[in-house]
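Colleague: These protein sequences, in sequence, are chains U and A.
Here the first sequence stands for residues 1 to 272, numbered as in the UniProt record's numbering.
Here the second sequence stands for residues 1 to 322, numbered as in the UniProt record's numbering.
Hints are supplied without guarantee of correctness; some may be wrong.
Which residues of chain A face chain U? A few of them, derived with a C-beta cut under 7 Å, are [stated by the list, open to error]:
1. Leu30
2. Gly286
3. Gly295
Bear in mind the hints are in silico, worked out from the structure with no lab data behind them.
Remember, predicted model here, so these are calculated numbers, not experimental data.
Ideal Cβ positions, reconstructed from N, Cα and C, are used throughout, including at glycine.
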Amino acid sequence: MKLKFVALLLGAFVFLFPFYYMLIGSLQAEPDPSVSGAFPSAGNLTLHNYSEINSAIDLGRSLINSGIFTGGVILGTLVFGVLAGYALARLQFRGRGLVFNLMLLIQVVPFQLLTIPLYVLIVRSYGLADSYLGMILPFLINSTAVFVFRQYFLQLPAELFDAARIDGASELGILWRVAVPLVRPALLTGVLLTFIGPWNEFLWPFLITKQQDLQPLAVSLSNYLTTVSARAANPFGAVLAGACVLAAPAVTLFIVFQRQFISQGLESGIKG
Amino acid sequence: MTVTTRATVPRADPHPTGRHLRPGGRNKTLDRLVGRQPIGIALAAPYVVFLAAVFAYPLGFAVYISFHDYFFAAPGAIVERPFAGFDNYATVLSDPAVRRAFGNVLIFLVINVPLTVVLSLLLANALNAAIRWRTFFRVSYYVPYVTASVAVVGVWLFLFNSNGLVNSVLGPLAPDPSWLVNSSLAMPTVAVYVTWKQLGFFILLYLAALQNVSKDLYEAASMDGAGRWKSFLNVTVPGVRPATTLVVLVATVTGANLFTEPYLLTGGGGPDGASASPVLIMYQRGIEQGNPDIGSAIGVLLVVGVLLLALIERRFVGREED
Chain U
1 MKLKFVALLL GAFVFLFPFY YMLIGSLQAE PDPSVSGAFP SAGNLTLHNY SEINSAIDLG
61 RSLINSGIFT GGVILGTLVF GVLAGYALAR LQFRGRGLVF NLMLLIQVVP FQLLTIPLYV
121 LIVRSYGLAD SYLGMILPFL INSTAVFVFR QYFLQLPAEL FDAARIDGAS ELGILWRVAV
181 PLVRPALLTG VLLTFIGPWN EFLWPFLITK QQDLQPLAVS LSNYLTTVSA RAANPFGAVL
241 AGACVLAAPA VTLFIVFQRQ FISQGLESGI KG
Chain A
1 MTVTTRATVP RADPHPTGRH LRPGGRNKTL DRLVGRQPIG IALAAPYVVF LAAVFAYPLG
61 FAVYISFHDY FFAAPGAIVE RPFAGFDNYA TVLSDPAVRR AFGNVLIFLV INVPLTVVLS
121 LLLANALNAA IRWRTFFRVS YYVPYVTASV AVVGVWLFLF NSNGLVNSVL GPLAPDPSWL
181 VNSSLAMPTV AVYVTWKQLG FFILLYLAAL QNVSKDLYEA ASMDGAGRWK SFLNVTVPGV
241 RPATTLVVLV ATVTGANLFT EPYLLTGGGG PDGASASPVL IMYQRGIEQG NPDIGSAIGV
301 LLVVGVLLLA LIERRFVGRE ED
């Protein structure tokens with residue numbers, strides 16, 4: 001038992017240290033790659049890196065773009081994903097099995113294969129380059145979240161639905177007034193699962209946004225990393241400051257809601 | 001709302017779709033045509049349209065592009081795009097940079113997949129038994145997974161720089177040239193980075209699977225005099241085999257999708273293409289250099305490769321599942 005605890009502690013150190021180092025590095029006036037640089041020293045601490053990165057890539061604007069991108073995906077997943085999850089779980093209609101199998105198949109197709117045809121379609125055919133819609137479209141409904149919603153609707157007792165139908169409620173009415181209130185925790189899990197994807201997504205928004213004031217933070221930060229950083233006084237400090245700003249919302253959400261992240265979404269996914 | 005249960009309705013519904021509820025006198029032929037609750041078609045329709053528009057159609061379109069002499073044109077312009085047969089595939093397969101990228105992904109998978117399976121199973125097993133600090137450990141392992149790669153790449157660059165912290169700890173043992181600019185160490189470093197980044201997700205998969213391993217088996221094993229290590233090998237490992245199949249598959253698909261890490265961590269697949277991934281080459285050829293047909297052919301080959309690998313892995317890992 002002691003051995004396991006030591007192994008876990010060692011693992012936790014390896015996992016957390018880069019985050020600690022990110023924070024320290026973002027606060028150092030002079031980057032110090034030696035071992036003593038891993039410890040904060042009062043004389044070397046400053047918030048200058050944050051203002052440096054802010055003047056280079058307009059953090060506020062980038063954060064708003066990340067928020068709109070992520071918000072659009074969450075909204076699409078909640079509205080259309082709940083409808084689809086409910087239909088797949090509780091309604092008998094032609095093609096239900098087909099939709100379910102498609103949903104499972106999608107999980108195995110590497111999204112990157114679709115990068116070029118989607119780029120041709122969305123940028124060239126529909127002219128949606130440099131727009132929020134073009135950014136959101138490929139992620140509009142998160143299939144994993146649809147799967148989680150379906151699992152939760154399946155677990156509700158059938159009597160509730162029978163009774164409501166006998167009382168003459170419409171399917172949408174049943175969904176809205178009976179099913180959704182009962183699976184509220186699942187909706188939270190769905191939102192959290194959905195959040196990580198677009199917030200951290202890099203390749204797609206990178207491809208379709210050339211205009212700086214439309215780029216999400218992950219894209220502007222990577223552009224800074226690959227081009228501008230060579231000219232900055234303390235490029236690592238500025239990059240790490242940007243990294244902290246990008247990491248903070250996802251990490252905070254995760255720590256606050258870690259129970260929902262861990263126990264529900266994934267375990268229902270496995271047992272499915 | 002009152003819950004009026006009929007005597008014939010069982011508590012645990014074997015057909016959770018309301019099959020037993022038959023509103024009086026519905027037409028059986030109609031039922032067969034659209035199902036008993038055709039409104040389900042309307043509710044699922046947006047999702048189906050989404051799957052068709054964002055996955056099925058582009059998938060077919062990718063194959064189409066890869067067999068044609070395809071190039072970017074202004075929207076609405078009518079241009080000739082002749083059928084090219086396997087020309088694009090021949091170009092791709094004779095391109096040393098592409099071959100190198102596919103080789104790189106194999107190196108990546110050979111390091112990443114076994115490391116992922118062993119470390120996540122061991123850590124999940126330890127975590128499952130841990131009583132103290134359980135939440136703390138779970139959170140710390142999952143944090144890299146929920147964080148954007150773009151964010152943590154910055155720290156790794158700093159750590160694995162030639163005069164970075166890792167090398168100053170290693171002292172004379174530090175490799176020269178340093179990790180990310182060394183042609184034989186760049187890809188392994190990327191593979192270790194991705195293992196670290198994704199491990200939390202796989203630990204959670206294993207944690208969920210461990211709940212399903214019967215306690216009786218452990219008792220039986222200890223009655224037979226098996227030590228902790230023996231019962232891990234003989235009870236835990238076979239017990240979580242379905243999860244292992246999933247972990248191997250997901251890790252393979254993740255590896256095949258590799259783009260952000262070589263793009264940022266090794267400055268676009270350096271040194272000299274030693275850490276370039278197929279998706280990175282697909283992006284460079286397809287979009288940067290404006291040859292979507294070549295890019296699509298790389299994409300199709302990549303997916304065929306992943307499917308073949310998945311089949312092989314299923315034979316080795318997933319055998320006892322059937």
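Colleague: Against each hint, give a clear statement of whether it holds in the structure.
Modeller: Consistency of the hints with the structure:
1. With its C-beta approaching chain U no nearer than about 10 Å, A:Leu30 sits outside the 7 Å limit, and its interface hint is violated.
2. Among the interface hints, the one on A:Gly286 holds; its C-beta lies about 5 Å from the nearest C-beta in chain U, closer than the 7 Å criterion.
3. Restraint check, A:Gly295 versus chain U: the minimum CB separation of about 5 Å is within 7 Å; hint holds.
The earlier numbered hint that this structure contradicts is number 1, and it is the only one.
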